[in-house]
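2 protein chains.
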Amino acid sequence: MDTPRLYLQLAGRYRQAIESGTLLPSQRLPSVRNLMRTHDVSLSTALQACRVLEEQGWVEARPRSGYFVRRPARSTIAPVPEPESLVAINPDDFVGMHHRISSYVAKCAAHPVSINLGGAVATPDAYPMEALQRAMARVLKHQPGLLVRAVPIHGDPGFRQVLAQRALEVGLQVSPEEIVVTYGCTEALNLALRAVAQPGDTIAVESPTYFGILQAIESLGMRALEIPASPQHGMSVEALSLALHTHTDIKAVVLVPNYHNPLGSVMPDEDKARIAALCARHAVPVIEDDSYGRLHDEPNLPRALKSWDQTGNVIYCGSAHKTFAPGMRLGWLMPGRWRARVEMLKYANTRPNDSVVQIAAAEVMGSRLYDRHLQKLRASLLQWRNQVIDTIAECFPTGTRLSPPRGGLVLWVELPPGTSSDRVFELALQEGIRVAPGTLFSNSGRFSNFLRISAGQAVTPTVERAIRRLGDIVADQAAGTSSPKKPSPRNP
Amino acid sequence: MDTPRLYLQLAGRYRQAIESGTLLPSQRLPSVRNLMRTHDVSLSTALQACRVLEEQGWVEARPRSGYFVRRPARSTIAPVPEPESLVAINPDDFVGMHHRISSYVAKCAAHPVSINLGGAVATPDAYPMEALQRAMARVLKHQPGLLVRAVPIHGDPGFRQVLAQRALEVGLQVSPEEIVVTYGCTEALNLALRAVAQPGDTIAVESPTYFGILQAIESLGMRALEIPASPQHGMSVEALSLALHTHTDIKAVVLVPNYHNPLGSVMPDEDKARIAALCARHAVPVIEDDSYGRLHDEPNLPRALKSWDQTGNVIYCGSAHKTFAPGMRLGWLMPGRWRARVEMLKYANTRPNDSVVQIAAAEVMGSRLYDRHLQKLRASLLQWRNQVIDTIAECFPTGTRLSPPRGGLVLWVELPPGTSSDRVFELALQEGIRVAPGTLFSNSGRFSNFLRISAGQAVTPTVERAIRRLGDIVADQAAGTSSPKKPSPRNP
Chain A
1 MDTPRLYLQL AGRYRQAIES GTLLPSQRLP SVRNLMRTHD VSLSTALQAC RVLEEQGWVE
61 ARPRSGYFVR RPARSTIAPV PEPESLVAIN PDDFVGMHHR ISSYVAKCAA HPVSINLGGA
121 VATPDAYPME ALQRAMARVL KHQPGLLVRA VPIHGDPGFR QVLAQRALEV GLQVSPEEIV
181 VTYGCTEALN LALRAVAQPG DTIAVESPTY FGILQAIESL GMRALEIPAS PQHGMSVEAL
241 SLALHTHTDI KAVVLVPNYH NPLGSVMPDE DKARIAALCA RHAVPVIEDD SYGRLHDEPN
301 LPRALKSWDQ TGNVIYCGSA HKTFAPGMRL GWLMPGRWRA RVEMLKYANT RPNDSVVQIA
361 AAEVMGSRLY DRHLQKLRAS LLQWRNQVID TIAECFPTGT RLSPPRGGLV LWVELPPGTS
421 SDRVFELALQ EGIRVAPGTL FSNSGRFSNF LRISAGQAVT PTVERAIRRL GDIVADQAAG
481 TSSPKKPSPR NP
Chain B
1 MDTPRLYLQL AGRYRQAIES GTLLPSQRLP SVRNLMRTHD VSLSTALQAC RVLEEQGWVE
61 ARPRSGYFVR RPARSTIAPV PEPESLVAIN PDDFVGMHHR ISSYVAKCAA HPVSINLGGA
121 VATPDAYPME ALQRAMARVL KHQPGLLVRA VPIHGDPGFR QVLAQRALEV GLQVSPEEIV
181 VTYGCTEALN LALRAVAQPG DTIAVESPTY FGILQAIESL GMRALEIPAS PQHGMSVEAL
241 SLALHTHTDI KAVVLVPNYH NPLGSVMPDE DKARIAALCA RHAVPVIEDD SYGRLHDEPN
301 LPRALKSWDQ TGNVIYCGSA HKTFAPGMRL GWLMPGRWRA RVEMLKYANT RPNDSVVQIA
361 AAEVMGSRLY DRHLQKLRAS LLQWRNQVID TIAECFPTGT RLSPPRGGLV LWVELPPGTS
421 SDRVFELALQ EGIRVAPGTL FSNSGRFSNF LRISAGQAVT PTVERAIRRL GDIVADQAAG
481 TSSPKKPSPR NP
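Protein sequence lines correspond, in order, to chains A and B.
For the first sequence, full-length UniProt numbering begins at 1 and goes up steadily by one.
For the second sequence, full-length UniProt numbering begins at 1 and goes up steadily by one.
Be aware that one or more of the hints could be misleading.
Stated by the list, open to error - If you want the footprint, here are the derived chain A segments under chain B, 3+ residues with CB under 8 angstroms:
{"hint": "1", "segment": "99-107"}
{"hint": "2", "segment": "146-152"}
{"hint": "3", "segment": "320-331"}
{"hint": "4", "segment": "345-357"}
{"hint": "5", "segment": "417-426"}
Calculated from the structure, these hints are not laboratory results.
Predicted model, so just to flag it, every value in this text is computed and none were measured.
Backbone N, C-alpha and C fix where the C-beta goes; we use that ideal spot for every residue, glycine too.
If we strip away everything but chain A, and leave its shape as in the complex, we get (with noise of 0.2 angstroms):
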């Protein structure tokens, strides 16, 4: 249901024009008149074209003589570098993540936060919660027997009707039967993992990956093979490639195609395809987290992975949790030949979901105001993701890379080498300010000079103090002079 706009085509044009050094800093862009005859669009849109690029820094605005090209400071910032080999890291150095995990979640819980940087969501602002709100009330007046039945054996058709229809959005034709609907995607990945595979399996995964692959994979007692993934394209077909030849024991390939969390990566669709048949021939499932794949800068939706799947090889697993509804716990999944096993699983683990907030979730999926709020949702993003950048840029100490990525809710960031992430991490949050050190997203401690930061809001004053300071301490850990501002006896 998603048009791709014009203007913002145009747009996109001339930031490629600008990205690549076609037009240069202080170079004129060319005027509105000869933007309408060049591409034969409306002054409509080849005036709004020139905003947005002037919203995302790319030109200035100068009274009376037109736009001029800008390099904003996220320019100056150098890409993460591709992995430097293409072998997978031995999985026996699987172990831990349990355990930083739950230190994560104690540090956090234990601090009280006033800048939250750490999370893969968006600020509540921007989610349509009024929406959420009276379809919620609309289902408790209407039908508030919900509260007091037992759910039905397959939980709420409707909702799984509306999932159906969005997944034609991304490529994919289900029936409503075919879809199982979860709490959240952790609970869809959980049953996808136990449907495919045996504890003491391995699971091939991107390295580096979100830390609920990770701890889904431990806490199943599973062991995770981390496969080289490009900050631009994710994971590595020809290491894939290797590792199923190299290793007969793999299980499964868990993968984020679409603006990957934390690399911000997208899929090349080529390799998605490769991908689909590579493990089909080896016989090994796949299971896909599409959860950002909605949270796309460009106009046209990044297609599933699964949309290459002929033989129902792949789990399509997505979520609520990011595009709409944070607090509503609201998940699914396409298991292709695995339905009836996930289907039991589901039954054991959880029983069905809860109806009301499936079908208040299910009236505002199914609407108009869904892609106007999806459409709003990824300007904003969009806008705020430039600006985090831009702030990084200026204040993070010189070896700090970052490559921009086209979409979703997060930005990796490498620091200079030798960087404790964990430090950096537990230093920043003593003054309030929460991010997740790289060492969350990977066993093999290959990131633990990364950090993954939220740009999940717009930076305002309060949290453009927080990224500098975040840049200071970043600073003083590389330049190995650890001098926090306020040493917290309990946090030495």
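Using the hints, position chain B against chain A.
Leaving out everything else, chain B in the frame of chain A:
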């Protein structure tokens, strides 16, 4: 917060006198004036006690003559015998519960049901719908931001506060921080099992027991060791002791001490104390499911087994499903010394529960309304249960046996030897009547001539017709003459 009512105590005393044969059918009950004098109670108390006995069918009023003892139909039905042997059933028999449950679920989903006698939950009318609706509406009005805010790491503190207060009533003193909120008791049981045992481990359970427990065990790759259980007193302490000496690989004992599903049994306090001590001595954790404890006929709430736990060896699980909010999927555990591991597993499995439902549940559960609701529910359940038992006693064939429980939601009915409850289930389902066949409650096949029948609704003329029809089907099957009234081509 429960006040034992004097008139209920008085009625209970005379009920026992009738049951034990001290007072015989057609004998006259002492006059109201005599009751007042003998027991030193008010006119109102004496009258209320007589009315309770009349409602429960133990006496009948004859105009101007007083109350006369009746023998309700249920007093003619023989109790289910004690298990014949105290030897646990070999867990190598443990296979296929998944398949049986999936097949049951699929058949139930495929057939429209007009009379549901298959559930272990009361009719929706028996629950405080309006109070829950109002509480939900209030949360949505005053805290709509909860819908769009990621749930904080340890969930809602208010609900755990109320749970800790209510736990005092069953003899448990825990702090709110020691409680983990889950999606129903099902998730609580899963987390408890995963906290203390690994795939391949053996778990001791009652035989028979709730199929959800058997399914959770099987789905986690564990093995259920079925310990003989008495229809009166639940799991045999002797049999468990024997099993703990014989099977050294038992890693946990799962118990439903109060108003067991399906048995209806209540474990005597001395057995609870002995099991707590026995398991502590063997260092085998106990997982207690106390979902039904508040559905007691007697004035006093039965104590939790965990109240005899001195070392944190008992994990206590509870739920809102049976007592006040079947549609809200709220459960909880008090994990004792496995708290850190349970918290981690909850985070890895489904993340913290969403807040709206918890806050609304806390409001209802923390108020006097909850006590009043439970008092009313308990009185209804007692009445309904007696009505269902009377109807079964009247219209099921000779050889049917049933031990009337003193609380809870279900009846465990033994059909004449050789009667297939699977066949009865299928034939009844074709006529729109759902029951739960005994094969769901054990891996042993020992209960293939048992039915679990819900006692959670009044015996209206429609329900009475359904039970009578069920009695006909049972009689047909018991006699070996298979003549369903409406043969279906789909299920010959």
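How the hints compare with the structure:
no.: 1; hint: 99-107; result: holds (count 3)
no.: 2; hint: 146-152; result: holds (count 6)
no.: 3; hint: 320-331; result: holds (count 6)
no.: 4; hint: 345-357; result: holds (count 11)
no.: 5; hint: 417-426; result: violated (count 0)
Violation of the numbered hints given earlier is confined to hint 5; every other hint is satisfied by the structure.
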